[in-house]
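Construct all of the structure, not just a fragment, from the sequences and the given hints.
Protein chains in written order, with the UniProt record's numbering: chain A, 1 to 471; chain B, 1 to 382.
You can trust all of the hints, since none of them are fake.
Here are the computed lysine-lysine pairs in the BS3-like style, where the Cα-Cα straight-line distance is at most 30 Å:
id, chain 1, residue 1, chain 2, residue 2
1, A, Lys422, A, Lys384
2, A, Lys384, A, Lys412
3, A, Lys419, A, Lys339
4, A, Lys339, A, Lys125
5, A, Lys368, A, Lys339
6, B, Lys287, A, Lys339
7, A, Lys338, B, Lys287
8, A, Lys125, A, Lys92
9, A, Lys338, A, Lys419
10, B, Lys287, A, Lys275
11, A, Lys412, A, Lys338
12, B, Lys294, A, Lys368
13, A, Lys368, A, Lys422
14, A, Lys275, A, Lys338
15, B, Lys287, A, Lys368
Hints were generated in silico from the structure; no laboratory data involved.
Model, not experiment: these values are computed from the prediction.
Residue strings, one per chain:
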Amino acid sequence: MFDTLSDRFDGIFKRLRGKGRLTESDVDEVLREIRTALLEADVNVAVARRVVERIREQAVGVTLSQALDPSQQVIKIVSNELTNILGGQTLKITYASRPPTVVLMAGLQGSGKTTNSAKLARWFKSQGRHPLLVGADLQRPAAVEQLRVLGRQIDVPVFSEPGDPVSTAARGLAEARRLGRDVLIVDTAGRLAIDADMMTQVRQISEAIQPDYTFLVIDAMTGQDAVSVAEAFHQTLAIDGVILSKLDGDARGGAALSVKEVIGRPIAFASTGEKLDAFEQFHPDRMAGRILGMGDVLTLIEQAEQAFEKDSAAEAAQRMMDGEFTLDDFLDQMQQLKKMGPLSGLLGMMPGMPKELKGAKIDDDDLKPIEAIIRSMTAQERRKPEIINGSRRNRIAAGSGTSVGEINRLVKQFSEMQKMMKRMGGMSMGKKGKKKMPMMPGGLGGLKGAMQGGLPAGLPEGFPDMPFNKR
Amino acid sequence: MPTIYLVLIAVAIVFGVSVLLISRKRAVGPADRSPAITVPGAPGPIPTTPAAVAEPAVVAEPAVVAEPAAGTDEGIEIFERPRFRDRMSKSRAVLAGVFSGVRSRSGITAETWDDLEEALLRADVGVRVTDELLNGLRARVASKEIADPEALLAALQADMIGRLSANERALRFEPGEPDEPNVWLFVGVNGVGKTTTIGKVGAQQRQLGRSVLMAAGDTFRAAAAEQLGTWAQRSGSELVRGSEGGDPSAVIFDGIESASARHIDLVLADTAGRLHNKTNLMEELRKVRRVAAKGRGRVTEVLLVIDATTGQNGLAQARQFGEVTEVTGVVLTKLDGSAKGGIVFAIETELGLPVKLVGLGESIGDLVEFDPTEFIEALFSE
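The following block contains the structure:
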């Protein structure tokens, strides 16, 4: 839907090419694009202005080196700046010397407090702690019931009683002491930031239980309002950290940046799915790329790791690089790919994808005819597609319910793909590639470096032979 | 090392497959396969299917909205309609300062434009709509049509109202055979207030003298059916629920059949919140929509519930849900917070979806029909 920042830069930098140095007015133009990108990602207007000013200081006078793409240089500056804002000190949980460690959950209605209370409890459990959940949201019908169900799912006890939320929270604390639970998580009622009564109530709860940590749950889809919400809660409660919920949507999540910048408290956790284990500590570097619309390679890698069978993938990759990748491998990998989720979602996460692909609507059902074609081939044909002649083509077309033209296209595309893979293989192996992927020790770590700032090491340039580039 | 393999594989395969699919699509042409396929990179909004836009029922048979029956008066008495101005006080506080700054200058200066831009952006109107609004005004200022700040603000206000004025906003209820209930389906992402909205709509419809059945199609979220049950009890509505984790289509279908058998006027169907980029969940919803139309009832509204604090992602939500479920209108909840709900401009103008209801508070009567003029006046007033 949105152009990525690098797309925006393309036009500008085409004109700048050949210049040795960015002038003030060049920088202005670039900064305007950066500002628009930030605003489209829902970064708060005032925060965007401050960020852009800081980037200006760094960008003026940047020497444009001939070797490096100037737009990538600027993107790197922007991305580093965002990462700095989002990162900084991370929240380290120090457990109270006299248990339980008390955690208070606050946030707007529908931001995901109840679900994230349970997710946090599960996280504490995975750290070897013994949490107790307290349902102090007596406002929303069945909120406590929801917490109880979630508590059962993660095998964490839930305490609640009807009546007054403040005394319920206090009783919960006593209950935790009695049961010897070492972490107490108190879920509170959602509220609108302006509601004075409700803000008073949550402050009273806070005073009653004296939390060690107060977390503010913020919806990643929140717009400009995130800042006023965060400020209001911070004034009332002194927030220690933020939990960013619904990060598995396609919102750019500029709210995270705004909140961090305004209240100066770290984003501690991010909720990345509906399942209770979809909850992790926050990665500032990924978020920076996401806000700028530069794809989320690291998440892609993680999904790949979960979905692909490592051995067969490694084998296939080896064959791919040697140019021995067959249609059988292709079919096999396509099956695994489907496990990673819908194709269109994957495309969105890949950085440096050409526009034609990014904007494309791809339905997973479109894969079916391709599968049918390959399945209608003999083993020999799959290994060596070049033997497919006219009569074989007719047979395959009849067998798969497609046309001869489609088979031709598949075979042609496949051979293009083979070439491309071979080249990528050469590149990453460092045989003769101009841009080596720094991938030595630690695998993922090295890659993280390479991908930082969403710079896809030579990816878009790596596919010059693909047909749509010729159009 | 294996990680590198995986990345290579993933990148190559995703890329390869996509290229293959796109070149196939190009070659096969538009006559083939699903109608939703658009030319990649085409500018502008993705058109929804024709069915989503066409509203034949309105023309053919005037929809009965507020029945001038005995029950109505009673309803009005109980739900005193809140004013946008009162409930959106916090929104105003943020913008009012900007507008008074604009008014205090003797002429229209560069700062004036900066102030207006900032105000619109802070209201979540979005970069594109803001640019469109301000560029139009700049031209009129340049041609001396608008000369002073007061006239500029008035023109902006009029333009903004103009952008929201085109649509039919009343909830559509078509009286039919007693065994053909109207069905209103509620969809949206997680946590926007679907269940609460159903509860309030149900209570209001009961006040209008209609019998209501609530179908607890949210079988995913823990205790969602209990929450809806509480609302059903409060409003004197029937409730049909399935087992947790069950098939939502089946629950809603059962609800409609049951309403038909018992001659209930209106079925309010809840669905589980889902993020619009989750293909499998959206497919589930597509099925819900399809199945809802199969029973004895008629689906006369598909309402997308959006949280007023939502930023630019709201447009993506409206687009996806619109494509999958033929959304007929939007419910904007939680407008009484400090949120300003500016995303409705993009949703209405780019997708042509009318905002039908807004939530201005916690009580049942606080869910009211959207009034663009009042909404914008509330944003502008000091």
